[in-house]
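When we follow UniProt numbering, the leftmost residue of the sequence shown carries the number 1, and every step to the right adds one.
Because the hints were derived from the structure by calculation, they are not lab data. All of these numbers come straight from a predicted model, not from anything done at the bench. Incorrect hints may appear among the rest.
What the hints assert, rightly or not - With a straight-line Cα cutoff of 25 Å, these simulated PhoX-like cross-link-like pairs (lysine-lysine) come out:
id: 1; residue 1: K91; residue 2: K105
id: 2; residue 1: K305; residue 2: K324
id: 3; residue 1: K516; residue 2: K572
As the list claims (entries may be wrong) - Label pairs and their computed distance ranges (CB to CB):
id: 4; residue 1: L26; residue 2: H323; range: 35 to 43 Å
id: 5; residue 1: I30; residue 2: Q435; range: 52 to 60 Å
id: 6; residue 1: N366; residue 2: D268; range: 32 to 40 Å
id: 7; residue 1: S730; residue 2: E539; range: 41 to 49 Å
Using N, Cα and C, we set each Cβ at its ideal position, and we do this for glycine too.
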Amino acid sequence: MIRHESRVIDQIVKEVLSKLKPAEYLDVAIHPVGVDSRVEEMKALLDHESSDVRIVGIYGMGGIGKTTIAKAVYNQIRYTFEGSSCLLNIKEKSEQFNGLVHFQKQLLFDILKMKKFKIDSVDRGIRLIQERIQGKRVIVVLDDVDDLKQIHYLVGQCKSWLGPGSRVIITTRNEHLLTQVQVNGKYEVRKMDEFESLQLFSWHAHPTVDHLDLLVSFMNYAGGLPLALEVLGCHLCGRSVDAWESELEILQKMPHDKIHKILKRSFDSLDHNRKIIFLDIACFFVGLDKEYVITILDGCGFSSKSGIDILVQRALLRIDMQHKLAMHDLIRDMGREIVREESNQYPGKRSRLWFHNEVLSVLHKNTGSEAVEGLILNPFYELRHEERLRTKASFGKGHSLNSPELKGFEANGFTLHLPGLKVEHLKTEVFAKMQNLRLLQINAVHLTGSYEYLSKELIWLCWHVCPLKFLPQNFHLENLVVLEMQYNNLTQIWKGNRILNNLKVLNLSYSRTLIKSPDFLQFPHLEVLLLEECIKLVELHESIKHLKGLVRLSLRDCKKVRNLPESISNLKSLEILNLSGCLQLDKLPEKLGNLATLKKLLADRTAIKQLPSSFSLLKNLKAISLFGHEGTSLESWLSCFSTWISSPKCLNPMNLVRASVVGFYSLGKLVLNNCNLSEAENAIDLGGLSSLQELDLSKNNFCRLPQGIGRLSKLGMLRLKNCAYLQSISELPTNLQILFANDCSSMERLSLSQSPQLIGLSLNHCSNLLEIQGLNLEAIPFIEMIGCDNLPSNFWTNLLQDLSTPSATERLVCFPGREVPNWFSHQSIGSSISFRVPSLSEGEIRMLLICAVCSYMQNGNTPDLDVIIHNKTRKFRHLLVSIPVEHCAKFSHNLFLFQAPVIRNKLKTVDFPEKEMEMFSGEEIEVSFNNWGSGYNEVSKCGVHLLLEKPNDNNGSMVQYLRYDTAEDDEMSAAADDNEISFHSEVDD
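Make a model of the complete structure from these sequences and hints.
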């Protein structure tokens, strides 16, 4: 490779200048743990080589390290600009008298090195800035910005004022502000990982061996927040184990003052209503569904959707992948401390009560007041709200809901024992003074007395394990928006008629004594109705037809429900209908097709034998799930499918003419898992499902695939797991991307010729597979083939040959084996291996091929195998890839090969996929393999192979170096021994 001489000189000058530290060097951190990797990620966004004027924003919660990263980047690149200025703490100082004028003077002095500027107003200042620095190539850091005016008065129209190649870095807690500025890039500062947290905390806390057991607790409390780790570490330094334990107990109740003050700044910037929204979420709603919380808070009179959006933008809140509200523990605790400060000595005078012992004290002593707006008494709080008790409520032999002692719950597949947990017995009078109470949760509470004492302002009532058989008439619920009463003792919701015009969510799930549903005329505006696992419920009230706004209806596991009222077809807004587990439900309403808005139908494990003729009218249906019908006959299933067609009416499968599924133009997902399908492929044509993206036909008994699958042009994922009788797969869709066909033990042939878009192939334990046609190894990043023992030896030969050549994409291949291929340039016993990055004269890395031999241990589970790449020279690490190993259990040794392309010595990583990790000549790199846990797959051997490109001395072209020799006389073999395959070859040096 030949570089232009001037560019090489420029690069050398930049590298030398960047290492100098004159007086203007900004102090970054005493212990800059994790800073280097984040700086490199920021520098990539800045794109130093570009001649454009670029603005890049750094955002995140207070204390996450935004300023530290901005200063570190500034230190490294400021010397390559004509002028530079770093303006810190803009939000705080701009609120002072002439604060922005001060910053304008500083910016002009920093860039021009001139003090004689008379600025008497911000307008005069911005005109001077435009006149004096226009056209100059500068870098400016604006730290802690919270208002667009601050940016305007300091850099104005910077993209037109500043010279080519200029850079502006903005740090803020408000991501939305960066969108308004139209930045070129946004960098969200990631939290410290476990290793970085341990490093930073240890630097400040200096723990001894005796403190090690408490380290994880403090690290978890800090949650990867550098500020928290530093402050807590310094606070604990030199103190005894007893002191650490005492401090941890205090921290769980109250955040440290220094952390609190910094985090509170974001809160102070909110308006009144958004502060209320933030405090409600911090005290009551972390972990709950976003839309559910919006429903509650809207009922309180707030514009909660926009309020939540603002909290997200200010990094005070985030929405996780499941659409749950998530909040950093320190931010949550900061909010709760704000509430505590309302009345430090008298909890009953605070606006919100959530701490169990304080709530009990207020209620037992009757010290509540009209200040109280929200109260939670929840003995099951440690379960977290999002982990809803799902299956059975078990109260121990001889204990009813009225019992003073609960024995435990069985929830989400595990049993939680609660020995000695008492039902709280309280008088209703204790709520008499709380007349502004709008949010109330009183789980496992038995109230006695008149319910007139409870607030008329209730918006949210959550009363799990309610002992009442019905709610009394004098319970003021007129303003109620959400009523949750799971695991109750109700036989009916109340006696007589009551109209709750505001009620939108009614959840009576796990009402094990509820015999009949309420008259729905009493809830005219209901949007969500959940009656899951009401085991004595037989039918729904006919009045359900009047719920014109009902969006979601769930009768999951209502085992005695035999039929649905025909009037359910009048629910014009219904989008989700869940009937799974209704074991006695054998048919659907004939006019079900009138549900024009229905998007999802779940009817797994029911007795449904035939779908109504109107079923094909459900044009907006996007997902159907009908798995688990082991007892349903073949004729019954063909009957179901025949209702989707226009011609055959006969239910005899021998007389059916290929039924064609038509009309479901919006259906995106179809699950027919474990549905006893066998010869249905001769009668059903699925080709009419033109929008289908995901199809699951696993655990069925057919020998060939149903007709028409090859015509599903949008199908991206096909699941055929455990189809034990499937003999071959052919005519797959053109755009198929992922095929799961594990444990298809009878399959002999697979044709992939018509699926060039395939990126994932899983064929584990297809023990009779003999041939794979059209397999483009170079194009498929992920292949699993553990237990495919009958494939010919030349298949494995070609596989390894292909892996030893460069690829533009990452690839992962798994198969049985106990040895690292001997042509690997670096090999090691154990779970880690190191190598040195070659110099440019040796060659440029084009690819890393990483190998691990995994030994299965019989006594454990199989977590993913994390491949960590550690730059030991610059002391940072990244997660390169997580290898799934759940299919390894049938074999004692397995070989994992991962191919990672490297472009200009830059490597993509999983934990920061949008950017790349750069490796410089001479650096020491370690690759290690980690399973998190115990009793799992153990890495016994590993290897790394570097594929280099080396400059040709004659013409500057690139030649391959350390490549795999494919000559015919290579000693390469693929021998099966005890269901394993070993590989041997020589490297041509």
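Hint by hint, here is what the structure shows:
no.	hint	verdict
1	K91 <-> K105	holds, 17 Å
2	K305 <-> K324	holds, 14 Å
3	K516 <-> K572	holds, 23 Å
4	L26 <-> H323: 35 to 43 Å	holds, 40 Å
5	I30 <-> Q435: 52 to 60 Å	holds, 53 Å
6	N366 <-> D268: 32 to 40 Å	holds, 34 Å
7	S730 <-> E539: 41 to 49 Å	holds, 48 Å
Comparing the model with each numbered hint stated earlier shows that all of them hold.
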